[in-house]
Amino acid sequence: MSEKQLDLLYSEVEEELRASVRSLLEDKSPPESVLARVESDQVTDTALWKELAGIGVTGLPLPEELGGAGASLRESAVAAEELGRGVAPVPFLGSAVLATAALLEAGAQADGELGALASGESTAALAVPFASAPGSAFPEAVREQDGRLRGTVGGVVDAPAADVLVVPAVGGQGPGLYAVPAAEARVATVVSLDLTRPLADVSLEGASGRLIASGADAERALRRALVTGAALLSAEQLGVAQWALDATVDYTRTRTQFGRPIGSFQAIKHRLADLWIAVSQARAVVRSAASAAAAAGEPGAGAQEAAEAELNASLAQAFVSGVAVKAAEEAVQLHGGIGFTWEHPLHLYLKRAKSDAIALGTADRHRLALAGMVDLPAAPA
Amino acid sequence: MSEKQLDLLYSEVEEELRASVRSLLEDKSPPESVLARVESDQVTDTALWKELAGIGVTGLPLPEELGGAGASLRESAVAAEELGRGVAPVPFLGSAVLATAALLEAGAQADGELGALASGESTAALAVPFASAPGSAFPEAVREQDGRLRGTVGGVVDAPAADVLVVPAVGGQGPGLYAVPAAEARVATVVSLDLTRPLADVSLEGASGRLIASGADAERALRRALVTGAALLSAEQLGVAQWALDATVDYTRTRTQFGRPIGSFQAIKHRLADLWIAVSQARAVVRSAASAAAAAGEPGAGAQEAAEAELNASLAQAFVSGVAVKAAEEAVQLHGGIGFTWEHPLHLYLKRAKSDAIALGTADRHRLALAGMVDLPAAPA
Amino acid sequence: MTTAPAGASLDASALRQRVADFVAEHDPQTTDQHEFLAARFDAGLAWVHFPEGEGGLGAPRALQPVVDAEFERLGFTPVGREGLVIGLGMAAPTILAFGTPEQRARYLKPLYTGEEIWCQLFSEPGAGSDLAALGTRAVRDGDAWTVSGQKVWTSLAHRADFAILVARTDPDVPKHKGITYFICDMSAEGVDVRALRQITGEAEFNEVYLNDVRIPDSQRLGAAGEGWRVAQTTLMNERVSIGGHPEPREGGLIGVVSGIWRERPEVRTPGLHDALLRLWVEAEAARLTKERLRQQLAIGQPGPEGSAAKFSFSRLNQEISGLELEMLGGEGLTYDDWTFRRPEGVEFAKRSAGFHYLRSKGNSIEGGTSEILRNIIAERVLGLPSEPRVDKDVAWKDLPK
Amino acid sequence: MTTAPAGASLDASALRQRVADFVAEHDPQTTDQHEFLAARFDAGLAWVHFPEGEGGLGAPRALQPVVDAEFERLGFTPVGREGLVIGLGMAAPTILAFGTPEQRARYLKPLYTGEEIWCQLFSEPGAGSDLAALGTRAVRDGDAWTVSGQKVWTSLAHRADFAILVARTDPDVPKHKGITYFICDMSAEGVDVRALRQITGEAEFNEVYLNDVRIPDSQRLGAAGEGWRVAQTTLMNERVSIGGHPEPREGGLIGVVSGIWRERPEVRTPGLHDALLRLWVEAEAARLTKERLRQQLAIGQPGPEGSAAKFSFSRLNQEISGLELEMLGGEGLTYDDWTFRRPEGVEFAKRSAGFHYLRSKGNSIEGGTSEILRNIIAERVLGLPSEPRVDKDVAWKDLPK
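Chains as they are written, first to last, in the numbering used here: chain Z, 1 to 381; chain F, 1001 to 1381; chain X, 2001 to 2401; chain D, 3001 to 3401.
One should not assume that every hint holds.
Unchecked claim - Calculated Cβ distances over 12 Å to all of chain Z for the following chain D residues:
hint : residue
1    : His3034
2    : Gly3053
3    : Glu3070
4    : Ala3105
5    : Gly3126
6    : Gly3135
7    : Leu3288
8    : Arg3315
9    : Arg3351
Claimed, not checked - Cβ-to-Cβ under 10 Å is the rule here; a few derived chain F residues that face chain D:
hint : residue
10   : Ser1132
11   : Val1170
12   : Val1187
13   : Arg1260
14   : Phe1265
15   : Gly1337
16   : Leu1346
17   : Val1374
If you're looking for bench data, these hints aren't it; they were derived computationally from the structure. Idealized CB from N, CA, C, for every residue including glycine.
If we strip away everything but chain Z, and leave its shape as in the complex, we get (with noise of 0.2 Å):
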């Protein structure tokens, strides 16, 4: 088995993208602004989004001749290392991951759709359910007949605010990946378990798309569509677990309980320490993930790139997903019962770990994917 060895440290320019990320957030989306509003009707927030669209983060992978930002995945995983941290209400993960790697995949067909997503004008989301693999089959939900869609694609990640769908269906010439505008279907908002993340039902009912990508093609850019968004996935869960760590530690600093801090009995610093160790893995195994993801995507990139990307984004779902969600868990244990009322926004971070292991795959379902690549072969059953 051989691996290249990718750059794991933050460059200049990435540290300048968090800060920048960061500071937005905190200005205009603090954690109890979130929480106040998820119960709103419109829990994703258009407003930041065009905020995030001024700094650059709407296009990130994009070329800047689409209006995108020229960079690379390494930098949107930043991006989403800092909106995970916020539990932010944006359609990053579903717009600017999902279902840009799927456009762009499809080439240059998806300009139009791809300069809209860059200027934050329009979003878009990839008509899957959340939690599919990358390894997944080719979808048969939606079928395609005559250039008209019909069929229903259950919990869509961003679908709501989502003006464009990225659908893959079957039709007489095998896969194809469509662009059909929101307007043409039905999409059904359903309660999320993660709050701050809107998830619907969509239903085409003979709406019109237009063919991007068509066989192996589409096959390609789906796929490539759920690794990258496996890798960046990651790298919120690693925003998320962060948070958690942090808040804890700040608040076992401070809460007195027996007439000394909680931090500072060795228990709490054991678990503690524990975590912290856990999270400085994940933070390892994310950057090796979002950097095998740019590669793959650097021109010139062959099979070997694509195979390490998908094992690198493998294992991090794998690895931090169990990361993200003992961070939160942990958390709410922590802070005891301030951390089990809905006015601490902590819920909304274990809500998100829970589910962000649910999305694009279970750690379980990783594993086995990765025990395909690194020939370790399964038990007969």
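We have chain Z; now place chains F, X and D onto it with these hints.
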């Protein structure tokens, strides 16, 4: 799923048996003496075995007319706990549990052997690899032809000191169980990870054996022996875990670092509390397994009792193996440097615990067996 | 092995006879439940270990399950008693132990029949695990006390008639020494109950604000300054209750998840199978441990496994519900209802997987955090030395808050 | 981002050039290793961050890996250096920081070339994690000290020429204040080295008894009573060394177990598969974490991940070796050899599964227990408050032992 509520307590008689076994071991075989013994030529302590025969331990579940105590496997389990607590180098598991259970199930043909076992005059071994799980197929390593046995069985527990071998073999008539004088076999001691429990490779090169059960009877006798063995092994594991917990509590109460007993540090306290909880649970599981094994051996017991015995034995192996290993590992860690030295007897318990976790089927194998018994079918591979 | 305690002439069979006689006189099929329970209280069959005239017969505590089982066998199982958990489980034993004859006469019977509902005003925002740090002040004022402060995590406060309450009456002595225990009338002026919403979206609990609430001194339980000792009696009774019946295999949440596994083959993967089997084994071990404790209690030998049972229950609920969500995949990304509401008494196991996951997070906090339970086991069961204490000899008012 | 430190005119390419020039003059293929190393020391290419004349060039520490890599690329990799780990890793930086000019001149070069082997006399039976509690006494006697006590867990003591030693010179002050640091000649009279057998059967370590050993005062490192501060420099250098090269995927024990899985289909079960995959993922995460730390060090930004790396290494070794034994089943019930012997330098990964399991138990004890590492992370990295200390202001002689 229905289950009978078994008696999970210790009776007065059982507590008396415990006290006499413990006092004998403390007197004749403290851990320090066991440590001195394990590098001698004769690991098995035959003198101690005779003393145990004197208080009835060698023939607990045998009827009084054969010189046994006429007790049940519940009493055997209490003896196993204490022998585990003392890492006693005696052939209790190999002879008084495994071989005895097979011979008992075989019926009256084996009365001669059983009488000699009860009195402590001789010991026996069941010629199967010590790692065999109850559900394994009837072994075909030994073949019978014209009353002669040929074949090799690796890793037979308590074989080095055994006088009689109970050998499963397959001949023209199908499966059979044979009593073979050890003198007719080549018994080659192997280096055992568990310093206190000798294993040997047994080779038969035309040995004559007396058929004591055949066909379905032989299969049932072997299966019953392995199920009984698994149940009683869990009692031994409980004894190991309890010793490790007690020794560690004692040590951390007195070992001082940073000006206070290390057992006053909260992280240590919480780990020992977790261990105590696990050991308490192990005790309930072990009592359940012992009671179920005893119930299956009672007159009038049928398929339901046999099934409950198998379920409880697998449950016990699946649960208690991990508890004993965890207890021994925590003991080593919390003893610090001294726990890593040969001179402290703790390593005898670590090696016993880890070997016991493999013996008669790993926890993993027993979980799989349980899945079948409680209708939790495996996933497609 | 056990020597006969006082009242032991009332053995199990004598009690079964009394129950049979009682039921012969009061047909459970035709008697109104309230009337039936009042008569049962008067007959001493409410709590057999309580004194005669106060719901009991002075019999051994261990015989209560015998009585309950016999009533059940003969056709009487009271309904709608969920709201009485604090009253029956915590207030009654405390009133029995520390109440004046007048208090016992006034409160025990309506508490038992369910006429009056009780809640517990103990925890405060600044005093959770460290309950003795509580800051709700009670100031003596003639033959009454004036109480002000904030209590939290109070279940049933919005339905309760009375509360058991601890308050600080002397801030100048170390914290354990300046606490007094009261019975608080929840309809008194200045008692303000507000729903406390939790992470599941609903509100099981309340915050209770006390603003100059007057409590007559006759409602004090135990001496002034002795409240910590009184509260110990209350808290000793706060644990997972061990019922009179064996719990069946797969009785809890593990049964729900095992059911999903059996009924929905499409969720099965080898990794989830292993995770499920591990939890199945642990749940069965926990069940047997509780059963062993039940058997010990039945012969009058309670063990320290009670706090361990609560600990294991919360850990298992959390792990099993976490697995349930992952097993459900996409369905696990959804929730049933976030509406801010009072729970309607739906059985926990029947709620959605997301609810199981979120609600069980409270299990390791409410009624003694898992951290405190571990301390208790380490110090009281294993006898490990306590940590250096910085708060024992300092006046409450001088402690860091 | 980084400002240029002193000696920074020596950048990576200048150093590469110096190595090339050196190798041109001293052909590694034909020069004796000792001679080569002595010349390399003299050329300042031993430790480039050490001062000129003492093995270095006063260059940034971060450039040492550049030099090592360049030597390796040009064909020089020294062999047989395993015995020098204490000398190179711990004694040298301490002597550099605290030694007199005479001490530096005397010890650094033979230490570097491998002529003289060093060991460390720190831990004692009563002072493990709490090293500052050490009780080995050194009493001033004219221009020398007389040292008596027992040290333990000393690797290499049976081969060492010198030891770094901490001893108590003033029992009447708090424990951190009465310690002095010495260089001890291991051939001195009264030094008694005994093999210390460990649970694997063999003896890697020693107990060292010191019976009235005379150490000239000229062998003191740092001032009397300053030994704790000196020892900090030594201990800062005791951690998992981060090499100059990336570690390959499956580089450690996980590769051994993955190999068994691939080569022996008969061991495979679904449960073991899941367990193996979980550990594979964790091992890869730990590898990447170490790699990230290596990249940070390479640009001169060391992170606190060093102690975490040691922690993860021991945990993983223990879990992986535990799984290895279970995977092997019956074979896991056996061991290779219990004979009491000195290890013969067989590579860890190539030993038996039982050895892996037992030896790795020491990983979380030696060189800082996992408990101490967690304390360090909690207090120094996360800034959590320290626990109440009962041993800081008490004279050493009055502490509980």
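Practice task
Run the structure past the numbered hints and jot down the numbers of the failing ones, going up.
Solution key: 7, 8, 11, 12 and 17
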